[in-house]
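Protein chains in written order, with our numbering: chain P, 1 to 191; chain D, 192 to 767.
Each statement offered as a hint is correct.
Heads up, incomplete: computed chain D residues facing chain P, CB under 8 Å, no partners named:
hint : residue
1    : V311
2    : F312
3    : T377
4    : V420
5    : A423
6    : F430
7    : G435
8    : T437
Please keep in mind that the hints were generated in silico from the structure rather than gathered at the bench. In this text, a Cβ means the ideal position worked out from N, Cα and C, and glycines have one as well.
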Amino acid sequence: MAIVTTKKLMSEKDQGQEIISSVAMIVTLVSFAMLFATLMMGFAMFRITSPVWPPAGMTKPSLILPSLSTLCIFLSSMSFIWFEKNIADKRGLIVTIVLGFGFMLIQSLLWHSLSSQGVFVSSGIFPSIIYTFTWIHAAHIVAAISLLFWLLFSVLKENTPKVRIQASNVGKFWHFLGIVWFIMFVTIFVL
Amino acid sequence: MAFFEQHIHDAPKTFLSKYVFSFDHKVIGKQFLWYGIAFLGLGGMMALMIRWTLAFPGEPFPIVGQFLFPQTNGVVPPDTYAMLFTLHGTIMIFYAITPILIGAFGNFCIPLLIGARDMVFPTLNMLSFWLAFVSAILLLASLFTPLGGAAGGWVSYPTLSTLIGSPGIGQTLWCLALFVLGVSSTMGAVNYIATIITLRAPGMGYFDMPLTIWGLWLTAILNALFLPVLGAGLLLLTFDRVFGTTFFLAGAAATSGSGDPLLFQHVFWIFGHPEVYILILPAWGVVSDLLSFFARKPAFGAKATALAMTTITILSTVVYGHHMYTTQMSPLLTQSFMMLTMTISIPSAVFFANWLGTLWKGSIRFHSPMLFALGVVFVFGLGGLTGLYLATVTTDLYLHDTYFVVGHFHYTMAASVLLGGFAATYFWFPKMFGRMMNEPLAKIHFWITMLGLNGVFMGMMVVGYAGMHRRIYNPFVYEFLQKLIPINMFITYSALLMGFGQLFFVYNFIYSLVKGPKASANPWEVGTLEWQIPSPAPHYNFDVIPVVKCGPHELGNPNLKNGRDFQYQTEELVEV
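Work out the full structure: start from the sequences and follow the hints.
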């Protein structure tokens, strides 16, 4: 009898934790979304009011590297979904982390290629937007990768409902950053 | 809605874990209270210096002037003046009012009033305070940089705030300080929202929450939504200053390409207009509760009040353009913003009428919290009505750059919020510290403050209407403004009176903390959850999580049999 009660309490506690943490995670993501939405609003304002785009005789950067990083972050989100289906199998998470690092590598290649073409952060409004937005996004990616490592440590230690809640919340953040990058890719690089 | 068992943690034993790095929401609330009061004093001193300069241009500031400005023989220099009003605004809004109403009373009240043992994320809560502390250090450090602190106004419009307008590092530190503070407040907001949604005591629906909690909850939602907007703006401004991006530079100021200084104004006011509701909503909530508690009757239309506050929260997000009528906006836009802004007066009128309805035929007890709450009703009424003139495009074009604006927003933001904060302090002091504050001193404090602040802000409206500009170091170089010197002197004397009145509060606060009479568990005889536990509240708040059976405002019911004129929220509702 006593065991049954504890079990019931345990699951109730986990249920509570799940609701609390997902409410908090969603509120946090809404906050982050407002940050990126503000940046995109600023971009839209420049874009709409400018007679030609890109302005000041600039050309658009080549699509190769941004497309690669988009592919990278898309695959990492997919592998995370695969991992969430069965968190006992840690390969999905490891693939996500590797692809996350791959994304950061491609982003730094992008910055390097831009600066080697003589496009610096202070070269006008379009480079300002490219650099700044990708920096702010990359800062979030770095935070998210450390969260993935934190998740990896938890997964290696145990497989409990608590870890599953943790995985679903870290996942929300990771997918969110993927979506933000996709919007940036389409609006800044493609259009 | 307690979803899970909340454990009773062991009482903290060491000094550090009890008073410094405490996880307890009550201790964090008190820390925010001290932090806010300290900055309130600093911001108030800055206000006095500004007022002195405007009333007695060219005369040395008394007593501390010689020490602060030796190179000008104690006269406040023009660049320092710009820095003073910038930091006065910044400090009062972000470092005094936000910590006191949201930081202190948000932390202290939310778990106690909804019957929880603590916030859902105690660690995040502690981190939120210490980030705010870091932010304060950044801001104060900016005062000691070579060119002094930020001097671009609290709104920091480019190009005043870019490297052209303020080349010093002070402005960069200002941006960073506010960014860090924004992160801290967002952390707090996430915590408040999650706590209120998930940890309400069993039986407590949303409309059984005290209106204080409604106010704090809506504030937290606005914080979580709109602080990141300011954060984005500040990030871009910092990048402009540090990395040479050109978001806010245009024309000759930009070396290549072209940014737009106006973008910052948009971003700032998309945040800035909700911010004024972030500041006022907790005060509204507190006042709505206190009026009912001290008029000894149920809050008139409590549900309507809550819904009106919600409506205002929603409307506040779509009216920001009324701060920018004079930026050559298209008339189509200004008129849309005017109409939306005017719409806010409808829900405002609803809850204002509810306040009056609550007072109507009540047997009012004029204790100090009630006096301050009534003060809020008066000054907010005045401040709100003068807002209509600024919301109207035609009158705003004339009034926009005058002291009328200063008078208006000080009535709503400074006077109402300050009085609301004092009301909350006098009301919850017994539960916070277990002692009562001195009532006669509190009443003297109220009357002097009320007299002083009306003198100051009413005077500002008058000089503003007469055409005195609000951003000039010495307006009296213009002949047509010289006749306003006497009334400016009156404003300054009122400000000095108001400043003097706060000494009563400081003395009362510190004296009562040490020597005040011990408070009973329920000194004000009200029925919300926090008054059923001993004063001061124990570290675990409730030894048994209460079960809520009725609303927070069940007072003055003639059918109550137990010799009380109120019932606790845990008691079965007695029918009228």
